[in-house]
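Chains L, E and X supply the protein sequences, listed in that same order. All residue numbers for the first sequence refer to my numbering, where the first residue is 1 and numbers rise by one. All residue numbers for the second sequence refer to my numbering, where the first residue is 1 and numbers rise by one. All residue numbers for the third sequence refer to my numbering, where the first residue is 1 and numbers rise by one.
Honestly, the hints are just simulated from the structure, not real lab data. Do not take every clue at face value.
Calculated pairs, DSS-like style, for lysine-lysine (alpha carbon to alpha carbon, straight line, at most 25 Å) [claimed, not checked]:
no. : chain 1 : residue 1 : chain 2 : residue 2
1   : L       : 272       : E       : 218
2   : L       : 116       : E       : 11
3   : E       : 63        : E       : 44
Selected chain L positions facing chain X (in silico; Cβ < 8 Å) [what the hints assert, rightly or not]:
no. : residue
4   : 141
5   : 239
6   : 240
The beta-carbon is built from N, C-alpha and C at its ideal position, and this holds for glycine as well.
Given next are the chains, with one letter for each unit.
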Amino acid sequence: MTDKRKSSAIQKRLIPSYIFLIIVCFFSVFPIAWMIISATNNTVDIARGRMWFGDQAMVNFKALLEAASSQGAGTSLGKFMSNSFIYSAAQTVICIFLCSLAGYGFELYHDRAKDKLFGILLMAMMVPGVATLIPLFTMMSKLGFLNTVAGFMLPAISTPFMIMMFRQNSRNFPVDIMEAARIDGLSEWAIFFRMYMPIMKSTYAAAAVITFMNAWNAYMWPRAVMTKNSAQTMQILLTNLSNGYVIDYGLLMMAVLFCSAPTMVIFFVMQKQFAEGITGAVK
Amino acid sequence: MKKKGLTVTKKQQTAGWVFLTPAALLIFIMSFYPMIQAFITSLKTGSGVNLKWGNPIFVNYLKNIPADKTFLRSMGNTFLYLIIEVPIMLILAMLLAQILNNRDLKFRGLFRTMVFMPCAVSLVSYALIFRSLFAREGLINSVLMNLGLISENINWLGTTGTARAVIIIGLIWRWTGYNMVFYLAGLQNIEYSVYEAAKIDGANGWKTFWEITVPLLKPTIVMTAIMSINGTLQLFDESVNLTNGGPANTSITMSHYIWNEAFGQGVGHFGYASAMSFVIFIMVAILAAINLKVGDTRD
Amino acid sequence: MKKKVLAIMLVFAMTAGALTACGVSATSPADSGAAEATEEAAPAEEDAAAEEEAADLGGVSEDPNTLTVAAWDANFNIPALQAAEAAFKAKNPDFKLEINTVSGSSDVENAITNAASAGDYSTLPDIVLFQDHYIQQYVANYPDAWQDLSAANIDWNDFGAEKLSYSTINGTHYGAPVDNGTAIFAYRTDILEQCGYTIDDVTGITWDRWLEIGREVKEKTGKYLLSMDHSGDDLPYMFMQAEGLSQWKNGDPDLVGNETYQKILQVIVDGANDGVILLCNSWSEYTDESIVGDQVAGVMNGNWIIPTIKQVAENSGKWALTTIPTLSGKEGYAANGGSSLYITANCKKLDLAQEFLAYTFGGGEGSMETYDNALKNGGVITCCISAGKSSVYQEPDAYFNGQAIYADIVEMGAHVPVVEQNDFHYNLRNAIGTAITNATTAGGGSDLAAEIQAAQEEIVRQMNL
Chain L
1 MTDKRKSSAI
11 QKRLIPSYIF
21 LIIVCFFSVF
31 PIAWMIISAT
41 NNTVDIARGR
51 MWFGDQAMVN
61 FKALLEAASS
71 QGAGTSLGKF
81 MSNSFIYSAA
91 QTVICIFLCS
101 LAGYGFELYH
111 DRAKDKLFGI
121 LLMAMMVPGV
131 ATLIPLFTMM
141 SKLGFLNTVA
151 GFMLPAISTP
161 FMIMMFRQNS
171 RNFPVDIMEA
181 ARIDGLSEWA
191 IFFRMYMPIM
201 KSTYAAAAVI
211 TFMNAWNAYM
221 WPRAVMTKNS
231 AQTMQILLTN
241 LSNGYVIDYG
251 LLMMAVLFCS
261 APTMVIFFVM
271 QKQFAEGITG
281 AVK
Chain E
1 MKKKGLTVTK
11 KQQTAGWVFL
21 TPAALLIFIM
31 SFYPMIQAFI
41 TSLKTGSGVN
51 LKWGNPIFVN
61 YLKNIPADKT
71 FLRSMGNTFL
81 YLIIEVPIML
91 ILAMLLAQIL
101 NNRDLKFRGL
111 FRTMVFMPCA
121 VSLVSYALIF
131 RSLFAREGLI
141 NSVLMNLGLI
151 SENINWLGTT
161 GTARAVIIIG
171 LIWRWTGYNM
181 VFYLAGLQNI
191 EYSVYEAAKI
201 DGANGWKTFW
211 EITVPLLKPT
221 IVMTAIMSIN
231 GTLQLFDESV
241 NLTNGGPANT
251 SITMSHYIWN
261 EAFGQGVGHF
271 GYASAMSFVI
281 FIMVAILAAI
291 NLKVGDTRD
Chain X
1 MKKKVLAIML
11 VFAMTAGALT
21 ACGVSATSPA
31 DSGAAEATEE
41 AAPAEEDAAA
51 EEEAADLGGV
61 SEDPNTLTVA
71 AWDANFNIPA
81 LQAAEAAFKA
91 KNPDFKLEIN
101 TVSGSSDVEN
111 AITNAASAGD
121 YSTLPDIVLF
131 QDHYIQQYVA
141 NYPDAWQDLS
151 AANIDWNDFG
161 AEKLSYSTIN
171 GTHYGAPVDN
181 GTAIFAYRTD
191 ILEQCGYTID
201 DVTGITWDRW
211 LEIGREVKEK
221 TGKYLLSMDH
231 SGDDLPYMFM
241 QAEGLSQWKN
251 GDPDLVGNET
261 YQKILQVIVD
271 GANDGVILLC
281 NSWSEYTDES
291 IVGDQVAGVM
301 NGNWIIPTIK
311 QVAENSGKWA
321 LTTIPTLSGK
331 EGYAANGGSS
341 LYITANCKKL
351 DLAQEFLAYT
361 FGGGEGSMET
371 YDNALKNGGV
381 ITCCISAGKS
391 SVYQEPDAYF
401 NGQAIYADIV
411 EMGAHVPVVE
421 QNDFHYNLRN
431 AIGTAITNAT
441 TAGGGSDLAA
451 EIQAAQEEIV
461 RQMNL
């Protein structure tokens with residue numbers, strides 16, 4: 001009884017917090033809700049600001065399917081989606097492997113020279129994407145990597161930010177067990193694969209979410225390196241659809257939905273691990 | 001804090017180098033090498049493949065950039081976004097994290113998810129959503145009209161002040177949740193007992209926040225600040241897809257202007273564009289250095 | 001895995017062999033092909049999807065009867081290309097045209113820029129659609145990216161001189177014209193009528209008179225008499241061309257001290273201030289909100305805007321089109337937009353490409369069929385004089401109240417004056433757009449002459465970068 005009264009008193013005190021949160025959530029969710037609603041309406045209703053679900057979802061979806069297939073030889077909505085998935089998945093796996101390896105090396109084997117090198121690598125974060133676009137394109141073209149998953153991900157599979165994240169979270173890694181493992185005769189590589197990776201799995205989860213989202217949402221670079229329509233991604237399809245002489249907003253919002261749904265789902269599924277991983281929680 | 005008490009042998013040192021080499025090498029090849037090439041290009045003038053060495057060699061930096069009013073304006077715009085957006089966003093994110101860190105709060109997971117949700121929407125997508133919301137005949141205007149707050153449609157994206165405001169609103173919308181997650185994570189790392197102790201010492205909420213939370217969150221704050229400053233100074237998609245830099249280049253950002261000079265107008269002034277991007281690089285580096293100095297954390 | 005790699009190597013070796021056999025490129029394609037093959041093996045191992053891309057990375061097809069082309073706008077240019085493909089099949093039944101739809105003309109431009117910067121054209125398709133205003137500059141900047149079309153069997157006299165003035169560079173023909181950019185001024189006759197005017201009252205009038213009518217229309221009906229996407233404002237260019245003048249003189253911008261130009265800009269500024277002209281922020285605002293959203297009583301642009309006008313079904317029969325007002329009151333003719341097809345350096349089937357272009361868009365045997373279907377399916381209007389004589393062009397258009405608009409447009413196209421073009425066309429357009437914005441009341445109402453001065457300085461600065 002007393003317990004209940006206490007908790008209801010707390011809840012009363014929290015009313016301003018609830019109000020504030022509800023307002024913030026309204027603003028953060030509203031544009032997304034509007035996008036989903038619009039995907040079920042036609043251009044005219046969208047322009048008139050209709051705020052409820054319509055019956056055009058199938059029409060818009062079919063129009064999107066057709067528009068996606070008419071982007072050139074070998075294109076379809078499925079193709080763009082699978083391109084985006086394959087590129088993003090490949091980039092995610094390789095990126096978190098390389099960066100965790102580096103973060104592990106930088107933190108758990110750190111010495112003066114490695115700290116210096118890390119400082120230098122951080123500078124790469126400040127390099128503007130526009131500046132390196134042409135040199136990188138030239139490089140990829142010479143390597144024959146245009147329109148390949150390699151061309152898509154090479155500039156993004158090793159990022160200072162990811163290395164930094166692994167390096168920082170590695171501080172929570174119990175160093176003592178490394179020594180114990182060495183005494184047991186485990187090699188440095190075995191320590192990485194058999195101890196570091198499982199223990200740091202929440203950091204891996206967070207890193208995977210961030211990398212996947214970045215890869216999925218990448219736009220400027222893929223547009224340069226993917227010269228063939230059948231190799232392009234959802235983001236490029238989306239801009240193609242939004243640039244015609246005549247724009248169908250229902251179709252466009254359906255495309256936006258397709259573009260956003262995967263990253264939203266991934267975040268929903270992974271959010272617990274994500275939050276833990278960012279903190280560097282160790283299990 | 002945590003210098004290792006163990007002696008690290010030579011062999012392990014080498015192993016460490018092996019682990020970090022692939023990533024480090026890739027950064028050198030994919031970031032630094034192109035940047036050096038861009039720097040060399042930045043010393044040239046002309047367009048397309050007909051680039052000539054500058055005369056004098058730093059002509060782009062010394063003469064062309066200072067004389068370029070549009071670039072100076074784009075710089076002003078970018079800093080305006082930086083000065084307004086980054087503090088609002090980070091404070092809001094901190095506030096939300098602080099509220100959501102309260103264990104007595106119900107539906108925390110739901111609230112957190114909703115606040116973060118904008119982050120899952122791609123940059124191109126959200127720019128399209130905002131562009132249609134703020135169109136002359138868009139939803140925002142019709143809502144305001146129905147509420148009787150305005151009598152004539154506001155030309156949001158076609159008026160300098162409101163166009164800039166829409167960009168800032170968009171940025172805050174898209175990125176607050178992202179930063180909040182970092183703060184929330186940081187807060188959850190702080191032991192509850194620290195607060196309990198502070199309470200016993202009679203510290204009020206405000207004092208606790210400034211004297212315990214902020215210092216302990218410092219690394220996170222520095223990191224989010226660097227990321228936000230860096231992201232804002234390189235701001236591109238919002239300017240391109242939301243306002244297209246308009247009206248009359250009054251909302252254009254530096255990266256967008258550079259893109260225009262290199263690709264956007266048919267005249268590829270690659271040398272000049274590279275020089276401008278180098279200016280951004282230097283500015284970001286300076287700001288990041290200041291930031292790190294202010295918030296130096298490593299021992 | 002080894003087998004896969006071997007297979008890919010083999011494909012590349014064969015392609016490389018085929019390329020050397022043709023012997024077009026200056027650099028040795030065999031070498032680069034082999035290099036690609038070894039490099040390609042790596043990503044192919046990583047991912048099966050990449051493997052299928054690897055085989056035809058070149059942007060062209062190995063099939064001797066297949067050409068690739070990159071173009072934009074699925075509702076306009078693409079149907080025209082499809083029409084040409086169908087027409088050419090009559091001559092070459094095995095012919096296939098692989099069409100790559102890109103998001104806009106800038107994608108083609110960037111692809112050329114990137115390929116030229118990399119010194120490797122293998123990413124380009126055989127043919128690209130390229131917008132007229134840019135081509136001179138791209139030929140000047142990247143001369144190696146293009147192949148001469150002069151040898152093709154095209155009767156160049158069969159095309160309007162204005163159109164050819166873009167794609168002919170130093171006497172060499174590079175492009176096969178596709179659409180006719182002739183500008184039209186379309187009016188809503190029902191709205192004019194409400195104000196007591198007919199289409200003849202707005203034909204061959206001065207801009208001053210036009211502004212008067214516009215103010216009246218705005219007052220009585222609330223509609224603008226003209227709108228334009230002000231983020232890429234083509235009004236100054238078209239207004240000047242209607243006067244028979246250019247914004248350029250001997251390669252320099254001719255704005256400051258150019259009285260005609262200042263008067264022209266004043267018309268735009270006054271129109272914007274008085275609610276006669278609606279300056280939109282973006283292309284979508286221009287088309288979707290101002291035209292499809294039924295806010296205007298008049299539309300002036302290249303004739304490719306007609307499909308947009310026709311989107312509003314309920315206004316069928318209410319439109320008529322005519323020529324452009326001028327300062328003196330004579331009928332004005334202009335052109336805007338439009339593009340042509342160009343053969344890139346990567347095309348190894350030059351004969352086939354030339355034959356295809358000549359036969360279809362170039363006024364050959366298939367041109368009547370090509371252009372008739374291009375008109376029917378995409379609203380693309382030819383600038384090929386003989387093809388414009390086709391019966392399809394004489395048909396009355398119900399949407400335009402029975403006016404034979406296509407014949408009228410072809411006729412108008414013949415009057416468009418050739419004016420001086422410049423590589424920095426778009427830089428000028430942007431600078432003048434800024435000047436107009438600043439000179440309107442909404443943009444601060446600064447002095448127009450000073451703004452023109454600033455714009456000219458800005459263009460000169462950009463030209464000297």
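### Task
Go through the numbered hints given earlier and state which of them the structure violates, listing their numbers in rising order.
The structure conflicts with no hint, since it agrees with every one listed earlier.
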